[in-house]
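On the provided structure of chain C, position chain R as indicated by the hints.
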Amino acid sequence: MRSQPWLFTALAIGVPWLAAILTAVARRRAREIGFTAALVAVAASALLLRATPPRESLGEALMVLFSCLTLGATLVLPRRDCNGSTIGGILFLLGSTLLAYSTNDLRVLLAAWVLSTVPFFVKQWFRARIWRPRLGLLLSSIALALAVGLIAAKGHNMSIGSLQGRSPGGMAVFGLLVLAVIFRKGILPAHAWVADAAEGGPAIPTALLLNGHFGAMLVARLIMPLFPYTARDLFPVLSDLALATALYVAIRALTENSPRRLLAFVALSQSASILAGLESRTAEGITGALVHWFVVSASTMGLFGILRLLEVRFGENLTASRHLGLAEHAPRLAVFFIVFGLALVGLPGTLSFCSQDLLIHGTLASHPQTGLLLPIATAMNAVSVFRLFARLFLGKRRTGFTVMADALPRERWILTAGILFVVLGGLFPNAIVTLRSAEAEAVEGAIDSPADRDPAPGYKSPAESWSKDEGLRDGPASHRGQQGPSAFDQGPHGDFER
Amino acid sequence: MDYSQTLLVFVVLAPGVIFALLALVWLAGWVPSERFISNITGVTFSASILALALILWRLAATGSPSVSVTFGNWFTVQKYHFPLVLLADRLSLPFLGMTVVLVGLIGQFSATYLHRERGFLRFFLLLHLFAFGSLLAFSAGSFDLLVAGWEIVGITSILLIAFFQQRTPPVENALRVFAIYRACDIGLLVGVFAMHHWAGTASFDQGLPRLTGLQSAVVGLLLLLAAAGKAAQVPFSGWLPRAMEGPTPSSAIFYGAISIHAGAYLLLRVQPMLASSVLASALVIAVGLTTAIHGTMVGRASADAKTSLAYASLTQVGVIFVEIGIGWKAIAVMHILGHATVRTLQFLRAPSMLHDYHKMQSAIGGELSPTGQHLEDLFPKNMQLWLYRWSLDRGHLDTILDRWVVYPLMRLSRLLARLDYIGIDRPKDHWKDASVSIHGNARPGSIG
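Listed in order, the protein sequences are those of chains C and R.
Numbered according to my numbering, the first sequence spans residues 1 to 498.
Numbered according to my numbering, the second sequence spans residues 1001 to 1448.
No lab work stands behind these hints: they were computed from the structure.
Everything numeric in this text was worked out from a predicted model, so none of it was measured.
Yeah, the Cβ is synthetic: ideal placement off N, Cα and C, and Gly gets one too.
Short, incomplete list of chain R residues facing chain C, as computed with Cβ under 7 Å:
1. Phe1075
2. Gln1078
3. Tyr1080
4. Glu1151
5. Ala1162
6. Ile1186
7. Val1190
8. Ser1413
9. Arg1414
10. Leu1416
If we strip away everything but chain C, and leave its shape as in the complex, we get (with noise of 0.2 Å):
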């Protein structure tokens, strides 16, 4: 039984890679071979997934959700787009990214980090022009090794697992960890690369790409377990800033005329308040962020591929800026974009309306400027997304096109499994919202609980060294090192209760 978990991690893993290659040989077989080697790692995912305890499960949910999108991927991508590179892409990227979120290893996670960026500088996928996706994915690459480098270079061990809770590298590394989430998650002042992105690269391997989350996965995986006490003090900054990115990218969605670059700035505003969920340190808001995860990758996957089938039947020059009224022609796309589209902004009867629910409730506690934020933000994502179904969808009909070009049975299936995914989870939330409230409790646990674990030998909390090393602060923080992580815990009036 023991030797189980890692051949489904194995298979999970290997088979994308490995048929990544065989799509160099068989071209012609690139469909077939991606949606057998997406199949694989999904079967292997959700197996994995069912060996490991609730509380632990969070990399094993996320390795299932990120093989079932890329299964639809293969499925919904466009005869056009489906040659050997692109899913040769695809897979890559599958398996990069599940090796990222199942390893417990810092040089395995950063060799995973870098490689699912690799397809995106081999393949030239972004045209030559765009520069800013290439120049964020790189300093993200470059903060996350940096990192990685700087624990390794205090002799630290580099198994995640025994690094919990120890500060590893202190502020230095806790900042350029942090400089990572925010590049390569695309947080403001870096969120411009995300639309450049989505608008000049592949639409569906884009839409992989940004739906790694590998920003928010680094936060739940690496920063808050391995540094609680800094994150407790200063990690509401990245949550202010990301709630910033929700706003800024929501308003700035309103006047944007590119689909991609919309639907991109939406996908950006809505995932945003992942990391205000994560930092909100309430199992509410963590479980609502963690819900919100699954929900806001589903329908962002649904809405690009959806725009992609678009592209390539009434041509790549689509716009908001004026109505094409093409549900005439793709009535059933046409539902599907809006169902996508509103579960993405909260919809009652999808599941985003209850991760929403449970990530604003969860945060107005915390930090009430969040609570009151983010529906905002929210409704202008609504706005937007309700904008640019009307452009695309309604208005008098394009004469250009006098066929019926809605979506083919393959395209539909898939798509119609992913609305049942958002709907029948909206209707019946309480399965998915009990695991991911399992594993948030974990999360959560790893804030607020240290107390039960030793510290490294020498540890100094950044607040005690900053006051000792740096002379920032002082007073009652300089007690926390010596009295160990057990006297953090001081109530709600406690020194570092925020």
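Frame of chain C, contents of chain R only:
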């Protein structure tokens, strides 16, 4: 679960189930016939009326004040839970009855009115979804569930305004209405979250959440924002004439009967909370009074039947708000029921009435003498002209909203766009004229 509880569940869920079934068979590729759709609609709402009658009979027989059904929690995270409670009490039962009766009537009327219309199935799908949303909102035992129904009503309203999707104005007006709905719904969402935060619950099946005076005032004002948006009260009245772009039956059921009164229902539900705050009560009265005056003046200057009726609705809803603010709950409920019924009839009759008028005018060889225009004669002549201009532009409310809210937001968005494109080639026309939809393109007198 006794039979009255089962019946309540049936009444609420039946239209939702029909919507889901019709949508699924359409997605699978089968388009049901008009006869099938109208029959299934008729059967559903007839059964719902019967079920509601049985619930009323049961309540009268047992002397019980309400029927409630508890399904447990929709989802739970530690101490936080989202309760699923349906409640049919003395306030919600009249609204439930009004909904099933009027939606059933509209269904029968529309089967003929929309015969061979291209969007026949779409209309009935949205009608069922709207009925489900309304019934959910009126029978919710908690504000959380009320929000769900409230949002569904909003979405169906928007999609029905854009029903004639081949024409640009209905689509653009739907977007404008959607923007106002979403902006005002922030009040409802934040109000409900505030209730959770302060009282630990947003359920009202055991009474309203306990709040202090200040908290009641804050929550009351937030809910007033939501109610004013949904009921098109001043300063959000500008969306109502735009909403007349939808088919007449949907205008009747939404803006003559149910959706327009949903805001009043919300205020009736929290009336004890409003009553505990002088500020909140005064604001409800002020909003209602202003809207009533605004509605009657603009309605008199409206050039088309549906817009006149919409503003007549607005006037009455304004008066209903005043009644709620004063605390006359029973009068407000009776006013709503009477108004909804009469206004639905007027909306449905409007197209054929215009036809009758034209026939009469042809028969007498001229126009009929105008009636009901004596009130404005009380004002001096120069003021009459000023008031006419003011009414013709619908109180300049859209202009004020555009100038103070929409344009600054759009300018900010364009500024951010310029910042985004620093250092790279700016794609042409990507953000130049995107704001057209937000400030809309409806012109006074263009709708009808």
